[in-house]
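**Q** Read top to bottom, the protein sequences are chains A and B. Residues 327 to 816 (our numbering) make up the first sequence, in order. Residues 864 to 1090 (our numbering) make up the second sequence, in order.
Hints were generated in silico from the structure; no laboratory data involved. Some hints could be false.
[What the hints assert, rightly or not] Simulated restraints, written as ranges between beta carbons of each label pair:
no. : chain 1 : residue 1 : chain 2 : residue 2 : range
1   : B       : 1062      : A       : 335       : 26 to 36 angstroms
2   : B       : 986       : A       : 414       : 37 to 47 angstroms
3   : B       : 958       : A       : 565       : 15 to 25 angstroms
4   : A       : 564       : B       : 865       : 22 to 32 angstroms
5   : A       : 470       : B       : 1062      : 56 to 66 angstroms
6   : B       : 949       : A       : 621       : 31 to 41 angstroms
7   : A       : 713       : B       : 910       : 47 to 57 angstroms
8   : B       : 958       : A       : 363       : 50 to 60 angstroms
9   : B       : 949       : A       : 571       : 23 to 33 angstroms
10  : A       : 790       : B       : 986       : 23 to 33 angstroms
[Claimed, not checked] Here are the simulated lysine to aspartate or glutamate pairs, EDC-like style, with alpha carbons at most 20 angstroms apart:
no. : chain 1 : residue 1 : chain 2 : residue 2
11  : A       : 459       : A       : 796
12  : B       : 910       : B       : 893
13  : B       : 910       : B       : 1068
14  : B       : 961       : B       : 972
15  : B       : 910       : A       : 473
16  : B       : 910       : A       : 469
[Stated by the list, open to error] Chain B stretches covered by chain A per the calculated footprint, using a threshold of three residues with CB under 8 angstroms from any CB of chain A:
no. : segment
17  : 916 to 923
18  : 949 to 962
19  : 993 to 1005
20  : 1064 to 1073
Beta carbons are placed, not taken as given, at the ideal position from N, Cα and C, and that holds for glycine.
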Amino acid sequence: MIRAPAVRTSLGFVAVALFFLPFADLEISAVEPWTELGRLLLGLLTPDPTVLDSVAMALVRTVAFAFVGVALGAAGGFVLALGFRHWPVRTGCAFVRAIHELFWALIFLQCFGLHPLTGVLAIAIPYAGVFAKVYSEILDEADPQPERTLPAGTGVLARFLFARVPDAWPHIASYTAYRLECGLRSSAVLGFVGMPTLGFHLESAFSQGLYSEVGMLLLTFYVLVATLRLWARPRLLPFYLLAAPFLLGSGLPIVWGNVSRFFTQDIVPAPLQDGEGWAAFAMWLGDILASEALPGVIATVILTQIALVVTGALALAAFPLVSRHFTGRISRTVGHGILVVARTTPEYLLAYILLQLWGPSMLPAVIALAIHNAGIIGHLIGRRSNEIQLRSDAPAGVERYGYEILPRVYGPFLALLFYRWEIIMRETAILGILGITTLGFYVDSAMEAIRFDVAFILILVTAVLNIGVDALARWLRRRLQLRTTPGAQS
Amino acid sequence: MTVLSLAGARASYGGERALGPIDLSVAAGERVALVGRSGAGKSTLLKLLHDPARRDIAIMPQELGLVDSLSVFHNVYMGRLNRHTVWYNLANLVRPMKTEQAAVRAVLEPLGMAERIRSRAGELSGGQRQRVAVGRCLYQDADILLADEPVSALDGPRANGVMQALTAAYGTAVLALHDIELALRYSDRVVGLNDGHIVLDEPSDRLTEGDLAPLYAEPMEPGRATG
């Protein structure tokens, strides 16, 4: 069994993570980490209903940013999907989706300031890149036969709308609905950089130690996401889409001078701005790459690999919670509840909370990434395991897990884990904003020092790193012949 | 007047010869039945005869080419997409117009499918789906029909009814049919295929079912095991 390629690859990943472990800073530096955690849990148990007004506003804004951002992203992505076979479109989409929403937000904050446009574009642009890729894959998989039977002389648009779109439509709709849920999480997290969404209120409640308000915010957010399918009915969508732009809040007005200055001066590398020529630029670039990009990349890779392995282990431990082969009806409902909370909580939010409690190190980040991603993978693998029909005399308990279930779900599990690899890395980079020394830390520091040219270079490095990991993951999936279906599965 | 013709046509799949070389021409007003065992090359020959750029040809492939998520109305309406502006087609995609609905219903009526006009194609049984595809060909009202096993999923009386509707609408047609009886009844000319070659080409009224039986016999090729 050890010699099976999938197992060998997994062990390789574990070995790499173990090798990185001594280099990772995993200590708890807070003085009383467990008392704080206890207070937070108490806050969750005693949510403060008197703050419902402000909480409701935060949730309305969170939903509004999610709707507008995802709708624009979906529309843009659909148009881009039509041109996806041209390589400039493909490359452009890979590039914009390699940059995290929060990085986009940091960039647009410099142009548009605290205007709603910043938050909307921060969601719409990377989402458009993702939508373009997935939509084009879905459209490519549509049955080609109907198009061949159409009478000659049928126009391009009619051909597309009658023979291509209807077959792909259910998949497009379900994937878009899934991304709307992601959009809610992205929107909530954008509050941490100043948008008027959930994160903003959460941060201020946290900093004042108002744990009952934190509890109220988190609980209502869970309810909001868990009931998404109940209130986001297809018939109500036009209404939501029309109302959402008016519920973004007014923010601060855009200073257009800043916008042009950002593109013509701020992000132009300093030596070129000062006319010192290309030799000086090379020096400058080399310096950034050596003193900021390199340590950032190393920390990002270390954290990513450790978090990936912990995620995998946690997911394998968690999926039996929702698998009918291991649980009864009641315990399975509880299991579903646990996994829903795990995957509904954005990594960034979870990392923020754990950092508040335990102090800055890689540990909160690893735990946050593992909990969120294991929640997603565990849910999907659990669902998959429920499709397995066991013979009636199949072993129970650990034997059933090891002999019957795990061997059957291991392939899909690895495929999902590799799919999440790039997402975990993108998220790892962004967690630097919270003070862990991954790439985001250097980007954020450069932004604060008003060295936008440096921040820009570092964001480019992050994007290239993500694209690289994505390519590696795809290569591994192909080599191990793991089939992944796009769409809501992912 | 010849409306379809092939000269020395060949087809191969993955380097393996599947058909040909074949010479065949079809005159206007001539209904040709292609017969032969499955794998003899009937579908391939139909594909070679089809020129996607010709507006006067309607096709009905074996896979039918229905859009499962669209209604029966839309699937039939698609036969005339090339006769309207894109805006008119779009409007009908969103909400079928009364006049178009009436026209499509008239086509579905003799096929026994009128009451299913609003059903999604994906909900229908195999035989119903086949009749929807027939409806599309009838509605298209082209000059030539190329159909691959148009009634294979229909029972006797229903199959005859559909064949009557198809042959009434299309004087010129090439129909792949594995059913010898239907082939003789609804064609003027029978072309028999075996292993990618034409082995028989006769007017229908000179043939009996017995003449066609050898085409369906077990393949007896030298050098290849049979069983």
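**Q** Indicate, hint by hint, whether the structure satisfies it.
**A** Taking the hints in turn, this is what the structure says about them:
{"no.": "1", "hint": "1062(B) - 335(A): 26 to 36 angstroms", "verdict": "violated (55 angstroms)"}
{"no.": "2", "hint": "986(B) - 414(A): 37 to 47 angstroms", "verdict": "holds (42 angstroms)"}
{"no.": "3", "hint": "958(B) - 565(A): 15 to 25 angstroms", "verdict": "holds (20 angstroms)"}
{"no.": "4", "hint": "564(A) - 865(B): 22 to 32 angstroms", "verdict": "violated (55 angstroms)"}
{"no.": "5", "hint": "470(A) - 1062(B): 56 to 66 angstroms", "verdict": "violated (33 angstroms)"}
{"no.": "6", "hint": "949(B) - 621(A): 31 to 41 angstroms", "verdict": "violated (57 angstroms)"}
{"no.": "7", "hint": "713(A) - 910(B): 47 to 57 angstroms", "verdict": "violated (38 angstroms)"}
{"no.": "8", "hint": "958(B) - 363(A): 50 to 60 angstroms", "verdict": "holds (58 angstroms)"}
{"no.": "9", "hint": "949(B) - 571(A): 23 to 33 angstroms", "verdict": "holds (29 angstroms)"}
{"no.": "10", "hint": "790(A) - 986(B): 23 to 33 angstroms", "verdict": "violated (49 angstroms)"}
{"no.": "11", "hint": "459(A) - 796(A)", "verdict": "holds (13 angstroms)"}
{"no.": "12", "hint": "910(B) - 893(B)", "verdict": "holds (18 angstroms)"}
{"no.": "13", "hint": "910(B) - 1068(B)", "verdict": "violated (27 angstroms)"}
{"no.": "14", "hint": "961(B) - 972(B)", "verdict": "holds (16 angstroms)"}
{"no.": "15", "hint": "910(B) - 473(A)", "verdict": "holds (14 angstroms)"}
{"no.": "16", "hint": "910(B) - 469(A)", "verdict": "holds (18 angstroms)"}
{"no.": "17", "hint": "916 to 923", "verdict": "holds (count 7)"}
{"no.": "18", "hint": "949 to 962", "verdict": "holds (count 4)"}
{"no.": "19", "hint": "993 to 1005", "verdict": "holds (count 4)"}
{"no.": "20", "hint": "1064 to 1073", "verdict": "violated (count 0)"}
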